[in-house]
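Colleague: Spelled out, the chains give:
2 protein chains.
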Amino acid sequence: MEAKNGNIIIDFEPISRRVLFSDDYSLYEILSELNVPISSICGGLGTCGKCKVLIQRGKEYLNNPTPSEKKFLSNNEIEDGWRLACQTKIDIKKKTYLETLQVPQFRVFLPRELLLEDFNILVSGISKGIEIRPAITKIFIEVKKSSLKEPIADFERIESALLSKSTNLNRNDEIKIDFNVLNDIPTLLRENQYKITLVLWNNTNIITCEPGNTLEENFGIAFDIGTTTIVGYLMNLNNGKIYAVDSKLNSQTAYGEDLITRLTFIKDNQKNLQKLNSAVINDLNEIIANVCNKANIKPSQIYEASVVGNSVMHHIFLGLNPVNIGLSPFIPVIQKNLNIKAKNLNLNILKNGNVYTSPLIAGFVGADTIGVILSSRVFNEKELTLAIDIGTNGEIIVGNRKILAVGSCAAGSALEGAHIADGMRAAAGAIDKIKIDPKNLDVSYTTIKHKKPIGICGSGLVDVIAEMLKSKIITRSGNFNKEIINHERFIKNDKNVEFIVAKNEETSLDKDITISQNDVRQIQMAKAAFYAGAKIILNNLKRNLKIEQVFLAGAFGNYINAYNAKFIGMIPDIHDDNIFQIGNAAGIGAQHCLLNKDLRNKAQTLLKKIQYIEIAVDKSFQKEYAEAMYFPHLNLDYFPSLKEYKVIPKR
Amino acid sequence: MEAKNGNIIIDFEPISRRVLFSDDYSLYEILSELNVPISSICGGLGTCGKCKVLIQRGKEYLNNPTPSEKKFLSNNEIEDGWRLACQTKIDIKKKTYLETLQVPQFRVFLPRELLLEDFNILVSGISKGIEIRPAITKIFIEVKKSSLKEPIADFERIESALLSKSTNLNRNDEIKIDFNVLNDIPTLLRENQYKITLVLWNNTNIITCEPGNTLEENFGIAFDIGTTTIVGYLMNLNNGKIYAVDSKLNSQTAYGEDLITRLTFIKDNQKNLQKLNSAVINDLNEIIANVCNKANIKPSQIYEASVVGNSVMHHIFLGLNPVNIGLSPFIPVIQKNLNIKAKNLNLNILKNGNVYTSPLIAGFVGADTIGVILSSRVFNEKELTLAIDIGTNGEIIVGNRKILAVGSCAAGSALEGAHIADGMRAAAGAIDKIKIDPKNLDVSYTTIKHKKPIGICGSGLVDVIAEMLKSKIITRSGNFNKEIINHERFIKNDKNVEFIVAKNEETSLDKDITISQNDVRQIQMAKAAFYAGAKIILNNLKRNLKIEQVFLAGAFGNYINAYNAKFIGMIPDIHDDNIFQIGNAAGIGAQHCLLNKDLRNKAQTLLKKIQYIEIAVDKSFQKEYAEAMYFPHLNLDYFPSLKEYKVIPKR
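In order, the protein sequences belong to chains E and P. Residue 1 is where the first sequence starts when you use the numbering used here, and the numbers rise one by one after that. Residue 1 is where the second sequence starts when you use the numbering used here, and the numbers rise one by one after that.
Chain E with its partners taken away, still in its complex shape (with noise of 0.2 angstroms):
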């Protein structure tokens, strides 16, 4: 089949992957030529209804709904951009208008449901240890009948057994209680014995009340809201144990994949922050659901969420308007720890639970880079650490004991495909370890789930690009090297030189997988966009200091092949030792914030002694900058136990 060697362009999402096709065929055939497998009963005849895509760029190029569809679909479906993926081909009188246009024309995002195959988000990493202090308390009491001699009100009576029981509570202190739960009181009194079990928030609060003694269950989750993945820990409060783990792709790419995009969204019309924040609501809700189904419990179980996100994320969680955060000076309506009402924020937890969002830095720079920062306890440090965490936007963070300070780039999502012409998200497919044979040029490589290759990931990526120079495919300016570029390997014409790390007949494309001389510039751009960025951060602390230890946080960061990112530059030189990969700190940093309130507060207090530095704005930026895009720096000096490898200098 030769679906995908037309040439009219097709972007699908969340997979980031961009196909040629003819206008021969559905979206179905082709994303089962993909190799993308998708849900459907009925294999394409439209009788199902289950191949739901969402056209977000084209529909006005493709053939009318048919009668299937008009069956499976809302006309607000319709109306919207929803397509039966079996049913949609190009619209055959527009051909020739489109095969003149020379960008994208078509934008199709695969919903969830639709893919059967899980991404590969991180979810663990690596758990520092942390004392059990929950803001989340239970306290079991057999509350006094009342009698005419002490004629105490329900919620007094409560009070002074609490008070009595407590070993928190002083005498003095004011018991408070949420509202709506003083109607339940006298029923759940009467039928329960006067044994009930009281949920408290920071000692003082009742939250709700139980019948009995339930003080085992003790549940609260944990959520790290990346741009594009969302992930959900479901804790036992009383012992810290992750019962629970859930994740999904952030329902916010199907209005833009990245932060600009989306803030771009939210300006054009305020009514469009609701989408967002409804989108990223129902991801939670939806991830708690299923959190829930596995553990077993209700949702009025879960008394307390914990959040961490970037500034845009947090404020689209929250529903308040980011837009600010876009536009120079790049302010947040609010920086410094929350605690909400579930139910403001329809989050289907217990009603009356509380939602904590750690603290924003500034700009982009937001709760999920405190949270990397408490996860790692890079402030107990002795050595000065840089600690990257690499998501769709990067953050970067040097600090030790002494000093802290942050800056972010938006350089991560070249490593995650995008702006790779076979780049893609870490799916089912996608290359993850490449190896060169700097002999004959041999590629060797993994993929995920051992599928046939359709892309490659951002490991892959860095690996592909170490090994281009090892293999002195490539210089150290990232230019192809000459003198080899004919051998079979390579794809010459006019425009480009394309190396081919699968062949045709390996992939499920029908066609090469390739790095061109783009792709390289694009992950150059990125790792000198860290490399620069920290080296920005550290110019700005101007003691002369030197980065002595790497963490490598997020999802990326995990898979990578830590001596390669540090081959190309990315990560300053430090011995592999001092190079830690940390994992989901973000998330874990989310975690240890349910599981120790006291991390809260250290949240609040570190935020005053965070040097926050816009990379971007910095004089010397331009300079680091250029100069980082040498592969590993212009400076070899920077980088002396690469020195020895014999790569091909600059030219």
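Keep in mind that the hints were calculated from the coordinates and are not lab data. All C-beta atoms in this analysis are idealised placements derived from N, C-alpha and C, irrespective of residue type, glycine included. Where hints are given, some of them may not hold.
Unchecked claim - Not close to chain E: a few residues of chain P, all C-beta gaps over 12 angstroms, as computed:
hint	residue
1	Cys48
2	Leu98
3	Glu99
4	Asp494
Unchecked claim - Facing chain P, a subset of chain E residues (Cβ under 7 angstroms, in silico):
hint	residue
5	Leu148
6	Ala153
7	Ile331
8	Pro332
9	Ile334
We have chain E already, so just place chain P on it with the hints.
Modeller: Okay, now just chain P, sitting in the frame of chain E:
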């Protein structure tokens, strides 16, 4: 017209007026004859739809709704018992049956909108000086613009402007902001040159932000929710000035005149709590709309409400189930001070505004009594003081700077005209002051609004009993003096004797207004309940104490002739100089709590000190009550100053 001389009984509410009528007249005609002026444009032709009344009892004995009623009333309204007064007559076929009934067959509720004359609801009172220290404060700030060098979030810049300007705050105080205000901030700041006014509750909680400088406008509202009447006071929180007052009859009276009836109504069906709650919230919102209209402000400019009411009114207002207050051991859900967001109660002030309710003491003795205690400052008096608050429920307070005890008696309703054949509330046409000439038994009286009399209100009832005693018409036992009942002022028949207060030709009723033997008994029981209640409290204090001064609070307490009250033995024999009529002390208590937040803590502190005495279950109650049934008392030694007065001795 003979409308009211028929033999079918109809009770008109909320004016508590019972009349006899024949079947030939419409309700509209009866009301016109009674001189109760009601809204009607068409004059009873059925073409304006204004004269809507609610038939609360006996609708099955009325004619079917006419086409005119079907035009103006919905099916639901007709189902619920609403009729047009001008269209509604007795069903002639049921007349014979009705005449065999001995009980009142009809109860007709006249909605407030219908009554053209306002009731005499006591809104004023004697306010002891109060230091202005409200929970609501305003601060005008100029917020620093943010810059790339100091990229501080909007909220945090507001916070630091506030901390540097406020004299009540320390640098370490944590400022909180209502979550739903956050989203207004960015635009508010940028559209007002960063000059805004913060509205703070308890110094640290920002409940709203306003453009520019609005320091001058700072409003709160105090409510006294009585069983029968509700009063609202719109106050300027900067200076304590009352801007507007409005009052209305409590719409809950449509569901039951007294608390026990309403508690039974709720016990019958949980949904009825919602009905009563909506009724009172609608009343308060109507008062809010009226006072805002008078003062030319918006409801959202009212930042706090302070509410007092007895325990049942308090619970119904808050939507809390009050049924356990009506069952031994008479337990409320909660007693203490509460602060609740207005939006959670659907109270139409600022959505984030605070609603403060004073604490309850015990049983029916609620926040209104705390209000009386706070405003009268009983707790500061050197003299042992008896304070009685006479409303539909009677509350009795005994205290001074050392002791404080309270109790309640369900004695007030006779004094509001209930159970008295010609009794009524203090509305237009009520006889409110009475003198009897002992020589010829001629009666002189005044009426409210100088209308022709239609009944006797509470102060008139106290007067008439005292005057009947002085004129030797009744004995100290409350029996008619058999020696003079042949006088022309008496009506005698087999069962009863009645004294004519106003003759047929003087009234709007075409019948005499009289006091019967039964009426005297009702007053005896009411006054005995107050006296015995006070005595029981004193006995419980066990210190051989003697009342040294009396405070009379409540609407009735203010209009009453204090000497006559003492003369009939309702209050102890205290020199007139030591009897103080303190007006609507409960309402003033609500105002004071609005103006001075320290009083709220005082209320909570007092609660621990107050002894609550369950009067009705005290073992000596029956004896004390029986003795107090005499005028002024069985033991004349308790009333030395009246000993000289030659009333007819008991017999």
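Colleague: For every hint, state whether the structure bears it out.
Modeller: Hint-by-hint comparison with the structure:
| no. | hint | verdict |
| --- | --- | --- |
| 1 | Cys48 | holds, 43 angstroms |
| 2 | Leu98 | holds, 43 angstroms |
| 3 | Glu99 | holds, 47 angstroms |
| 4 | Asp494 | holds, 45 angstroms |
| 5 | Leu148 | holds, 4 angstroms |
| 6 | Ala153 | holds, 4 angstroms |
| 7 | Ile331 | holds, 5 angstroms |
| 8 | Pro332 | holds, 4 angstroms |
| 9 | Ile334 | holds, 4 angstroms |
Hint compliance for this structure: every hint is met.
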